[in-house]
Each structure stands twice: as structure tokens, then as C-alpha cells.
Amino acid sequence: MILSRILEEKLGSLYRAGGRIVGGVYLGRGQEAFSAAAGNNLRYGKDVYGPLIRDQAGRIAYGEPLLDTLRTYLGVVTGPMRGRDGNIHRGRPKDGYMAMISHLGSLLSVVAGALFARRLRGTLEDSVGATSIGDGGTSTGAFHEGLNMAAVEKLPLVVSIANNQFAYSTPTTRQYACEDLVDRAIGYGVEGYSVDGTDLLACVATFRTAFARARAGHGPQLVVGRLLRLGGHGEHDDASYIPDSAKHKHEARDCIEVAKKQALEFNWATEADFRTWEEEARRDVDAAQAIASKEPTPDPYRETWHALSTSELVEGQHG
Amino acid sequence: MSITYLEAIREAQYEALRTDPNVFLYGQDISTFGGAFKATKNLSREFPGRVFDSPISEDAMIGMAVGAAVEGARPIIEMQFADFSSVGFNQIVNQAATLYWRTSTPCPITIRMPSGGTPGSGPFHSQSMESIYAHYPGIVILTPATVEDAYWMLLESVKLNDPVIFCEHKFLYYHLKSEGFGESLPIGKARIARPGRDATVVTYSAMLHEALKSAEELQMDGYQVEVVDLRSVKPMDTDTILASVSRTGRLLAVGEAFPWGGVTSEIIARVSSEAFHMLDAPPMRLNSKDTPIPYHPNLWKSHRPTTSSITAALRDLLRY
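Chains as they are written, first to last, in full-length UniProt numbering: chain A, 1 to 319; chain B, 1 to 320.
No lab work stands behind these hints, which were simulated from the structure alone. The beta carbon of each residue, even a glycine, is placed where N, CA and C say it ideally should be. You can trust all of the hints, since none of them are fake.
In silico DSSO-like pairs for lysine-lysine, Cα to Cα no more than 27 Å straight-line: (1) A/94 x A/46; (2) B/189 x B/177; (3) B/41 x A/154; (4) B/38 x B/301; (5) B/301 x B/177; (6) B/159 x A/94.
Computed list of chain B residues with no C-beta within reach of chain A, every gap over 12 Å: (7) 184; (8) 220; (9) 223; (10) 302; (11) 316; (12) 320.
Pulled out of the complex, with its shape left as it was, chain B reads as follows (with noise of 0.2 Å):
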């Protein structure tokens, strides 16, 4: 039996919603209609009365999750795009980010971001807002590259006591496939998904699967790269990264968002300040190019790293 990301993701909801009768699901179009994605496909008739069409309102669906939460409930809130997301930005931010440090109340919601690029989907339908609200303290932003994972994160983001950023990968919906849930880590720990010896590359979400295959291109030539997956940006797994590049000696940070500051910085900041020594050569990051994210397929390859660009950037590390 071979399982996609997005089944994984729609069965993790079914086993939140059959577990859990706090559980709730509320999102455009994710009722009879299944989700702009299916992912929700079915379980409105699976679990009527607990599977809502919302209007059009990111702000207004986040608003009702935290006061829902407030309430006992285990909202799961469905953005039709990640991109939208930013019209809940206040709520998200501000309301569910601080009312557990304000008010002592947990605030257990968890909001469902299918994030990054397919081709043809243009500056509106890409957006990777990981970085965007990692930088909020009061959340957890969780970054699924696996079935696995997909399945595991996404029903432990409903158990948790704290706002839940899912940043779920749309180009992995359909290419990834596996045989079954198999087993996962806890959440904040990061995994070595290959390991090596020459250089680390730390990345996440979908660039894991460019960074694996990058890995595998340089084996040829002999060198051996250690991959590391996230799995959380946040909290990031700052030990095992720094473990990584004390072997390796080498880094490389690689994301699908856009360059300025954001997830990769972080990582080479953390590094650059607490393993300097460890260094041979100066950390490098690679991200989606500073322009908004282009609609023509030959365009939109070149504007978010490839294995291609990450196997460049790796040899210009390990050339240094």
C-alpha cells in the first residue's frame, strides 16, 4: 500500500478528528468539496457537524481558532494557500502567538499551511512563510519533509498545548510517496537523513528531497555530504546542526523562502557564533532568488534552489 504526503495528511486529520472530540476543521472550501487539494477529502461526510466551510477570512478563521482553543476546543484551521495567510497575520502574530505568555492560557490551534511552489502556480500561490512567523516568539513552526512526518507532526501539532504553524509542502502532495507511517521523532529534534563526512548541508520541506539527490550527484565524485533535515524551524535543533558541522567541518543552509534574513540566516548565525572554530570554511546559505515567485515553469526553477544550484554551491564549498 503506497501512501502520498497529502494522504498521510488528510489521514492524520482523520485520526485527530476520530481520537479527539475537541477536534474541528475549518477552512475554505474543505467541507463536501474536500479542500482546494483534497485534503480533507471525505471526512465532512466521515464526521459531519465537525468539518466547516468558512468564509473568506484568514483573519476571522484565526480569531475563532484562538477563542475556540481558549474554550477546550482543537481547532485545525486549513489556509487555502500559505500565501493567504498573510491576511490572518495580526491574528496569528499577536493574538495566538501571545496569549499563553499574556493570560496563562494554552492556545492549542493548529494552522495548516500548504506552502512553497508548483510551476505555474505564480507569486500568490508559492510563498514559503516559515521564516515570517519564526520570527514571533509564541509558536511552532513545524516543516514536514517525509510521509512520515506528515502524518506523525501533523497529529502531535494537535495534541500540542501551543499555536502550530504546518508548513506542509505542496510540490511533495502528490511526488512522495511511501509505504506506510513507519515511525517519526519528537518534535524539535532534527534528522540526519544522510549522513557524511566532507560538508553538512542543513535544510528542510521540499529541499530536502533537492539536497538528497545533490548529495547522491557528489558521491560519484567522491565526496560525502551529510544531509540534515529540520523537520521543526522552529525550535531548531541547534545540537544536532552544530554536531553535524564539528564532522563535517563545512556548511551549507538551504531554503525554498526568500534570502533576506529568515530560516537559513538563522541557521549560519547560530553556527558562525557557537562553532566558529569548527569551521574550515565560511558557512554558506542558498535560497529562492529576491524577486517575487515567477509563473512560467522555466522560470520558477531558476528562482528556488534545484539540485543543480545546491550541487554548484556544494563543490564551491568543498573547493574552499
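Here chain A stands alone, though its shape is the one from the complex (with noise of 0.2 Å):
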């Protein structure tokens, strides 16, 4: 969590900055740790996760490095992206870790698609999928068909729904009529939970909760966490929309203060051990950048430009 934060005080720097970023910014700022709750559950390599645009915390805790992250904001070559697609689109899905695309609630099959294939060729194990989505993506025809092929095809997956209560500019009145998005998790046959989304530990447990259930076999889990953005849609937008009553709300709460505070009174760190652990994550975040910011840019002359891994059926331009 803290190291999220850092990196992307960092990455909305940089972009303040202008000149190396080369796309938008968008930032996970107070949904830190409903995302790394979630992304805590899984296993680089060995999990699926397809995370969505404010899971920067959860890529960290799935194992993300922060190089990935770092060379893909910045566009270069040696980034898993190679400047083709940028930010938050990132991903390696040889490794189980999908790349998401902007049509939202796209990912939720895709990742339902690698578990179905695991299970088929016999290497599910006890592996599991994750992915994510924000309130206004549970608007989508994709959102509804993905999960509903996951729960009749009984997939181990865990959908986390960040409702942090406006899509963009939109508040969730113009997104759902239902009265809570928990709601939805029985009409599709799925194990359904609602969650303080500003409080770590509660966090922790549901997560806990819904991927042991998820992994024993009882099909898709949906949880859904409560809380508030605390900044714009992208570091563009300053967010002029969300009324001071919203930021006055329970949901309001910065999850990463309300952590520190209950590792403090439960005597499980120090106020020392947090300036030691942002020290340490501002020094990674400092070294990742320095080594990403020397690397090369992508060289039209030297792209193949070719769409088709089958480079025989690659068309020449024609005129």
C-alpha cells in the first residue's frame, strides 16, 4: 500500500512535470487496500489476475515489479509494452497477468477464458483468477455475460467491484437502480460480500474469505468494497464533481492513515517502521526510475509493424 502510494505520487509528478510520460495518469489514491487485499491472494506466475485501472496497489502485491510499471508509463522499449500501449494497460498474459483494454468489464471472461483452458488441460491445480472493475464498469453487457459464463461454467474466480462512487463524473444514481451492487452476486448464482473497502483488515478477511471459497470450488466470488476515490478519473481531472458531502463521508477515509492507525494500536509497527518503510519504497521507486528514464524509446524505423504473430500472412502497405 505505502509503496503505491509512493509510485504514484511519483508517476503524478512526472506527469505534472510533463514531457516524459507520454499518455494520461490514472491513480488508485484511497483504494489501496481493497486492491492489495485482494491482490495479496495471488501468485505471480502461478494465478490469473487481470486487474483494472486503480489496482496499482494489488499489481504490487501480486508481484508486479516496479520496473513494469515504471517503463510502461514511460513508454521505452524494454517495458512489457514496448511503447505500444501504455499505463495502466500493462501486463504480461504468458504469465497469467492479462492486459486489460479501456471496454470495460472485457476482462472478466478473459481471465474466466484462462481458467476454463487450466481446467480443460488439466493444470487449474488450485489456482485461481481475479479481476476487477469500478461501479460504472458493472453497467456493461460484458460485465453481466462475463460473469454469468463464470458461474455456469463454475470457475474459480473473484471479481472485486471498487464502487468508489463515481464513474468518471458520474455518481452511482445514473449508473444502478439496485440498492447495493452486492445485490447483484445472487441474481448470477455467485458467493457475494460487501466490505468496508477504506479498512485493511476487514478487507483482508473478505478477500481471505472469497478466494479460499473460490479455490475449495464453490464457484465465482463477488466482493464488493465501499469507498470513495480520493482524486480526479486521471490526473487530468480535478475532480471539481464530487460534492464536499461525499468527502465528508465515512467512505472518505484514506485507507492507507486508517491501516497505519490500526497497526499502531494493535502494537504491530512502529511509527519508526513506517518512516523506514517509505524510505525504502521512495528509494525503489527513485532507483526504478532512474533506470527506466535512460532507457531507449521506440524506433519507427526499427518496428516491424506487424499485427500477426504469422509474419508470412503480414500484408505490405498498399497504396
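Two independent chains are provided; combine them into the complex using the hints.
Shown next as C-alpha cells:
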């Protein structure tokens, strides 16, 4: 969580400074506890993960190296996307780490498909899949089709919904008409959980149960976290549409502050520990940035411009 | 032993399932029922646990295939009708087609699309979607017109490490028969289906047979019309088209899809820009009419190109 927050602060400052970050910057501020608690249950290279826009914390918990993030945001060729795609779209599908597309909901069925194939090939074992979405994304047909299909196929898939109350600028009242998004679960025949997304301990406990149930063969699990996005949709957005009343509600608590208070209260850590962790995180982020900044950007003259892996079927340019 | 185009598709799937344990079939009603057109008849019995009825979820079906392909499986997805693939459009053009480019991860999926019209099918069970998908980079679009091609090209699709839109034509399912699977050209190569010297018709899928009949008719008037079967609309075998036009000097491109943009306009554009000097007449094209596809057979027969409309167009072209 701390590493994610510090990494994202760096990305935000690089964006504001201009110049190096090629595209937009989309941060998960306020969602770290919910995202990390999910990612923490996943084993890199063993489980399937299809994170979404505000899952930097989950990606770190899953085991993605910092360099993958910085290299992708900076668009350098050494990153997993080699300058061909950017920021939060990154992934390494061959490792079970799916690369999102911008069309919301569409990752659900992709993660489900990976699990389906593993079961078919006899390699599923105790592996599990996880993906996330926001309150806005639950309105898409792809979300409904994907969740329904995963339920029909009884796949070990954990779907997190970060209900952060605004889809870009649109409030939940314009997004869904049911009482609570967790009510969706029963309609699909999946198990549903509702959790305070600002409370790390609650998130950890809930996801632990959900992942254990999925691994044990109980089919898809739907976890809804109540929280507030503590920033704009992206760094270009000042979020002026979020009313003050929302900022004073329980959901607007900063999950990192809450977690810190919990840790100090239970004597799990001291103020000094937190200072050490923050310093370490800053050092790691700076080191990764220093490496990525020196690496080469893509060269259009060296690009293959092949969209097919079967190179003999790639057509020349016809004018 | 006479084999239909539909049986060839079924046999190719049988062979793919038999030879590669990573192949599986996913689609609506394809399991015990054997599919709306029976293209998967008995396959679930012969390969238990590898042929699945899917929910009516074209988006999820394609997304699922992409995830499965990443894991090393080679899914064959049946769209009950090509028309319904519009619901899975996003997953095809944004997920499957971009995967290799973005992540260097090949995406070996085959999407079977029962395409084109039959009498009485109407606007939602008759469409030809090849032009739509061909517009997007990262997809191979195959349009077999013969029993042999239906068999071999489907088998090759499954082996290909890229997403394939396999446009099989419903009208050919039962109408077309062959004595065996014979041989086939590699994917991406067009075939001279009938040699000639006076004009070239470039076409594909069911229109090939209309064009061949038309060439037959015109032979009685002393014209030798060359007919090129594209077989694969993407990649498009431009060299074979240009070589044919260089022999005949005249071009008619025929397709069953809607007229605006698309495969026929692509053929004309390539020939016009690369072989303008070889043309003795303005290149022509013939497509279906620019309306949704009609229900009544009387209307349907006039909506799409037919032997007689192709012959009429060719007469205009030859007279120029």
C-alpha cells in the first residue's frame, strides 16, 4: 500500500512536470487497501490476474516489479508493452497477468477463459483468477455476460467491484438502480460480500474468505468494496464534481491512514517502522525511475509493424 | 463418397479435435444438439468434455477464447450466425486483434461464422461480416468457397497462431458437394478458378459459383472470363489479382456484403492504384443492395448479386 502510494505520487509528479510520461496517469489513491487485499491472495506466475485502472496496489501485491510500471508509463521499449500500449494497460499474459483493454467488463471473460483452459488441460490445480471493476463498469454487457458465464462454468474467479461512487464524473445514481451492487451476486448464483473498502483488516479478511471459497470449488465470488476515489479520474481531472458532502462521509477515509492507525493500535508496527518503509519505498521508486528514464524509446524505423504473429501473412502497405 | 461443404467443416473440426488435445469447441447449442446447422453433429459424443454449449453471450464467448488461447488452448468458437458476432465485436477487434501487437502473446482462436444469405433468412440471419473485420489489423479473414477449402482452411485456421474469422457460407452448406477433400492452396493465396482472357472477375465465397455460371453463359457469346477466387480476403493476394488483370485488362469485383466500403472496394482501390495502366476499362464492382437483407425469396434474390446480374455487369464491362 505504502509502496503503491509513493509510486503513484511519483507518477503524478512526473505527469505534472510534463515531458516524459507519454499518455495519461490514472491513480488508485484511496483504493489501495481494497486492491492490495485482493492482490495479496494471488501468486505471480501461478494465478491469473486481470487488474483494472486503479489496481496499482494489487499489481504490486501480486508481484509485478516496479520497473514494469515505470517502463510502461515512460513508453520505453524495455517495458512489457514496448511503447505500443501504455500505462494501466500493461500485463504479461503468458505469465497469467492479463493486459486490460479500455473497454470495461471485457476482462472478466478473458480471465475466466484462462481458468477454463487450465481446467480443460488439467493444469488448474489450486490456481484461481481475479479481476476488478468499478461501479461504472458493472453497467456494461460484458460484465454481465462474463460473470454469468463464469458462474455457469463454475470457475474459481474472484471479481472485485470497487464502488468508488463516481465513474469518471457520473455518480452511482446514474449507474445502477439496485440497493447495493452486492445484490447482483444472487442473480448470477455467485457468492457475494460487501466490505468497507477503507478498512484494510476488513478487506484482508473478506478476500481471504472469497479466495479460499473460489479455490475450494465454490465458483465465482463477488466482493464489493465501499470507498471513495481520492482524486480525479486521471491526473488531468480535478474532480470538482465530487461534492463536499461525499468527502466528509466514512467512505472518504484514507485507507492508508486507517491501516496505519490499526497497526499502531495493535502494536504491529511503530511510527519508526512506517518511516523506514516509506524511505525504502521512495528509494526503490527513485531507483526504478532512474533506470527506466535512461532506457530507449521506440524507434519507428526499427518497428516491424506486424499485427499478426504469422509474419508470412502480414500484408504490405497498399496505397 | 460425396461430401458436402457442411460435412467438410464438421470433418475438419473432428480432425482438429483428434490431432490436438488443446482444441476445444464452444458455442450455442453445439454439444448434444450438434449446432443449429449440425456442423458439430456427434462431436460431443466422440470427444466428451471438449465440446461445450455456451450461454448466449457472444462477448463472453470471444473473451473466454482469448483467455484460453493465452493459456495454450486452441478454441474454435461457433457464432450461431455471423450476424450475432456483432455482440462480440469488441472482444474480436479490441481484445483478440490487438493482443499480439500489444503483448507479443499470440492469440490462436478460430471464430466460425455461418455467413451470407439463404432464402427466407431476413435481416439478422444473412449478413456477410468479412469486410467489417477485415478493416481491423491483427485478424485473418478466410472465406472458403469450395468443399476442399472449407476442410483444409478450417484445419489450417486452428493451427494458425493468430485470430481467424472463418466465414463459411450457409448457402453452400448443402448445395455444394465434392468427391473428397482433395488439395488446397496455402492460406493467403488466391486461386484462378477459371482461366480467361477478356475480363477478370475477382470474388469469393458463394459468389464464386454465381460468377462461374456467369462466365459459362458468356462463353456462349465467345467471351473468355477469368474468375479469381480470393479464398482469403485478408491477407488479400494482390499479386494474383494484378497478374490476372494484366492478362485481361478488365476487372469486376463481386461480393455479397453491403456495397459501402469493404472487400470489393479494396480490390478496386488496389488495382486502380497499382495497375491503372493495365486497365482497358474502368474497374467495376457489384455488391448486394444498400438496404438491410430482405426476408422474402423474391426480394432476397434481387438483393444480392446473382448469375444474371453478374452477367449484365460483365456485358457492360466487356462492351466498354
